[in-house]
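Q: Starting from the structure of chain A, add chain B where the hints point.
2 protein chains.
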Amino acid sequence: MLKGKMLIGQSGGPTMVINQSLVGAIIAARQQDTITGILGAHHGLAGIMNEDFIDLTTQSTEQLELVANTPAAALGSVRLKPGKVECEKVFEVFKKHDVRYFFYIGGNDSAETAHIIAEMAKEANYDFCTVHIPKTIDNDLKVTDHCPGFASAAKFVALAFMGDDRDNAALSGVKINVVMGRDAGFLTAASALARQTEGQGPHLIYVPERTFDIAQFQKDVKTVMAKYGRCLVAVSEGITDSEGQPVMTSGERDSHGNLQLSGTGALGDFLSSKVKEAYGDQVVRVRADTFGYLQRSFPSVVSAIDAKEARMVGTFGVEQAVLHAEPGSVAIRRLSNSPYASECFMTPLASVAREATALKLDYINKEGNDVTQAWLDYVRPLVGELPVIGML
Amino acid sequence: MLKGKMLIGQSGGPTMVINQSLVGAIIAARQQDTITGILGAHHGLAGIMNEDFIDLTTQSTEQLELVANTPAAALGSVRLKPGKVECEKVFEVFKKHDVRYFFYIGGNDSAETAHIIAEMAKEANYDFCTVHIPKTIDNDLKVTDHCPGFASAAKFVALAFMGDDRDNAALSGVKINVVMGRDAGFLTAASALARQTEGQGPHLIYVPERTFDIAQFQKDVKTVMAKYGRCLVAVSEGITDSEGQPVMTSGERDSHGNLQLSGTGALGDFLSSKVKEAYGDQVVRVRADTFGYLQRSFPSVVSAIDAKEARMVGTFGVEQAVLHAEPGSVAIRRLSNSPYASECFMTPLASVAREATALKLDYINKEGNDVTQAWLDYVRPLVGELPVIGML
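Protein sequences, first through last, are from chains A and B. The opening position of the first sequence corresponds to residue 1 in the working numbering, with each subsequent residue numbered one higher. The opening position of the second sequence corresponds to residue 1 in the working numbering, with each subsequent residue numbered one higher.
Next comes chain A alone, as it looks inside the complex (with noise of 0.2 Å):
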């Protein structure tokens, strides 16, 4: 048996419940005699270059509980890709601290982080268990079912449509709404539980996984808007060109070659200049909202299977750990959807790492615009029960 301390960091875009996975992780630790100490690396990778701790071993349960409740990232996070430089100096500190254990939580840049490093520790025989605990909003890693921190992700956009496609109601006109979403339209596909009845929008959906032709989309608003006086479109920030190029972009980049997406009200705009300008000097009211980073850290908006799950991947990740030593990427698997039900299981580090998945493609229907049923019966039962629209 593996003993020593453990040390977990949080990588990449916070999510509500990203907390609920260190904290599940946390208590677990503390229940295991080969976990010597616990300690939290601020802003991930970064805080463990620069030893920059903090001891996890001292926190009251009722304080972790308002942490596992609070969104974004409680100990920080990073965006960073390490190198072969990047890895020594970790090894180093690990060694020097006798870490034995170390749980990254992100996405699949941070699985590839994590893997990276437990490729390192082999080749050094150093003895060492890396696990990787599933977090994204994007809901795009491989192998599990779902993503924890998407559900309430998929919520906030759920919510965030029903009202809009009310306002868009009173006010008619054209309203784009631009959700997050890289290269994966799970979240924008998640628009789509906001309708109760026939006629509510979104009438219009458009995923990355397809081709955004402006053409085709000009034509598509004019049609809901000759049927329904109204159109509310929800559109991923990732839509691409025929030839694969972002339809906008700020033009930055990560240090994963990431391409800034969110934080910038460009695609909205551009979008709305091309509606306005298929209608010519017709007058027709268009606005673009950007749901921007609302969507992964507002609180109160939780799904409640979403924060269990969260919690439980941590929980899990910890208790494999110790009792198998080895390294993996904890995943999720749907037993049930009525009444729901899920577990955990290992699946190796490489399996997740890097390489991300996206919407399967009978989830989007012939036309590219809009979902499909076996899509809301996929997403439905994550999200959980959503408000019911009273209309006169």
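Some hints could be false.
Claimed, not checked - Below 30 Å or equal to it, Euclidean Cα-Cα: the simulated DSBU-like pairs (lysine-lysine) are: (1) A:K96 x A:K84; (2) B:K81 x B:K3; (3) A:K95 x A:K5; (4) B:K81 x A:K222; (5) A:K227 x B:K89; (6) B:K142 x B:K366; (7) B:K276 x A:K81; (8) B:K81 x B:K360; (9) B:K81 x A:K276; (10) A:K89 x B:K227; (11) A:K274 x B:K274; (12) A:K5 x A:K81; (13) B:K276 x B:K366; (14) B:K366 x B:K219; (15) A:K227 x B:K81; (16) A:K274 x B:K276; (17) B:K81 x B:K142; (18) B:K222 x A:K81; (19) B:K81 x A:K274; (20) B:K227 x A:K81; (21) B:K274 x A:K276; (22) A:K366 x A:K274.
If you're looking for bench data, these hints aren't it; they were derived computationally from the structure.
A: Just chain B, lined up with the frame of chain A:
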């Protein structure tokens, strides 16, 4: 006593609780013998002119309660300033349908519409009573202590900043959030409720009541960055330069002459570029979000006091109209802060029509980049309890 039908309409921007006022008015009217029928106008004045009505006497209480808890405007809204021709058409319709009570739920523009119609009724010797029922997330109506709709939008803004502050702490940098509020900074100022301990943001708050100076803004951001290593900024969409011109608009105007500020990300992106410019070659992570329409119609984010008062102004308006047959606008008087208590009273239409109010000067700090304790004392009871942020 005035006997005849009542007509009710909703006008201007939707809110989370405008349907509470509608339902309050309907339920109160059903108990009045002098009200012989209840008509709802689709899209306010536009629906009246087209005789596009819905009969509001037959809905079940259960259905009305669902409507009351649904955001936006169940009857549909409109932004239309009536001229002489429109008013004559409206009167023709009123006479044709024996409408003796007219309730218009809206902001100061809607109060102006109600006022114009009331004046014309007097001139025409048409025995008739018009009551304006207040609603605006902008909180900028005169006379009243505060406006139904504001506190729920303020709660959304406070929650959004609370989460986004944690997000900004997790992945540091400069984050700018653009908040609704054309001429008044009430909603932007409500962002200050997000702060629970020293160092939490928003660190800077800019409202339209003070001139926005770009050089000073750049300096302010650098000062905060030097102190905390991050900076969260709340800025009103309506900030103006030293010549009183909006810092950024789409150039579009509504029929009341108001410029379009919402439904575009232009101001946020412009301010981001100004921060980047201030840092020159130094790479600083800068992001901007424009909260947009989510602020006024997000299901489940409601202030309990706001919902209660919105219901109350609807009920009170109908009761007073039947009792006194006098035109007027419903206002709210605050009686106590702990426990919070308020009551309704009537004020002349002319006292709230057209002109709006703004943040009191002692609610803004000397530097013009933050709010004061007096503001927090005013706004906190209206918004009610907020989640407690947990930190390690």
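Q: Each of the hints needs a verdict: does it hold here or not?
A: Going down the list of hints, with the structure as the test:
With a C-alpha separation of about 18 Å, the suggested pairing of K96 (chain A) with K84 (chain A) holds against the 30 Å cut-off. For the hint pairing K81 (chain B) with K3 (chain B), the CA-to-CA distance comes to about 28 Å; that is within 30 Å, so the pair holds. A C-alpha spacing of about 10 Å is found between K95 (chain A) and K5 (chain A), which places the hinted pair at or below 30 Å, so the restraint holds. For the given pair, K81 (chain B) sits about 28 Å from K222 (chain A) by alpha-carbon distance, which is consistent with the 30 Å threshold.
Taking the CA atoms of K227 (chain A) and K89 (chain B), the gap is near 29 Å; set against the 30 Å cutoff, the hint holds. Our distance criterion of 30 Å between C-alpha atoms is met by K142 (chain B) and K366 (chain B), whose separation comes to about 24 Å. This hinted pair checks out: K276 (chain B) and K81 (chain A) have alpha carbons roughly 24 Å apart, not beyond 30 Å. In summary, the hint linking K81 (chain B) to K360 (chain B) is supported, as the alpha carbons are separated by about 28 Å, within the 30 Å threshold.
For the proposed pair K81 (chain B) and K276 (chain A), the alpha carbon gap of about 24 Å is at most 30 Å, so the pair holds. Distance check on the hinted pair: K89 (chain A) and K227 (chain B) sit about 29 Å apart at the alpha-carbon level, within 30 Å; holds. Taking the CA atoms of K274 (chain A) and K274 (chain B), the gap is near 27 Å; set against the 30 Å cutoff, the hint holds. At roughly 24 Å between alpha-carbon atoms, K5 (chain A) and K81 (chain A) fall within 30 Å of each other, so this suggested pair holds.
For the suggested pair K276 (chain B) and K366 (chain B), the alpha carbons sit about 26 Å apart, so the restraint of at most 30 Å is met. With a CA separation close to 16 Å, the supplied pair K366 (chain B) and K219 (chain B) stays within the 30 Å bound. Our distance criterion of 30 Å between C-alpha atoms is met by K227 (chain A) and K81 (chain B), whose separation comes to about 28 Å. As the CA atoms of K274 (chain A) and K276 (chain B) are separated by approximately 28 Å, the hinted pair is consistent with the 30 Å bound.
Restraint check for K81 (chain B) and K142 (chain B): the C-alpha separation of about 19 Å stays at or below 30 Å, so the hint holds. For the hint linking K222 (chain B) to K81 (chain A), the alpha-carbon distance of about 28 Å falls within 30 Å, and the restraint holds. The hinted pair formed by K81 (chain B) and K274 (chain A) meets the criterion: a straight-line CA distance of about 29 Å does not exceed 30 Å. Simply put, K227 (chain B) and K81 (chain A) have alpha-carbon atoms about 28 Å apart, close enough for the 30 Å limit, and the pair holds.
For the proposed pair K274 (chain B) and K276 (chain A), the alpha carbon gap of about 28 Å is at most 30 Å, so the pair holds. For the suggested pair K366 (chain A) and K274 (chain A), the alpha carbons sit about 23 Å apart, so the restraint of at most 30 Å is met.
This entry satisfies every hint, going by the numbered hints stated previously.
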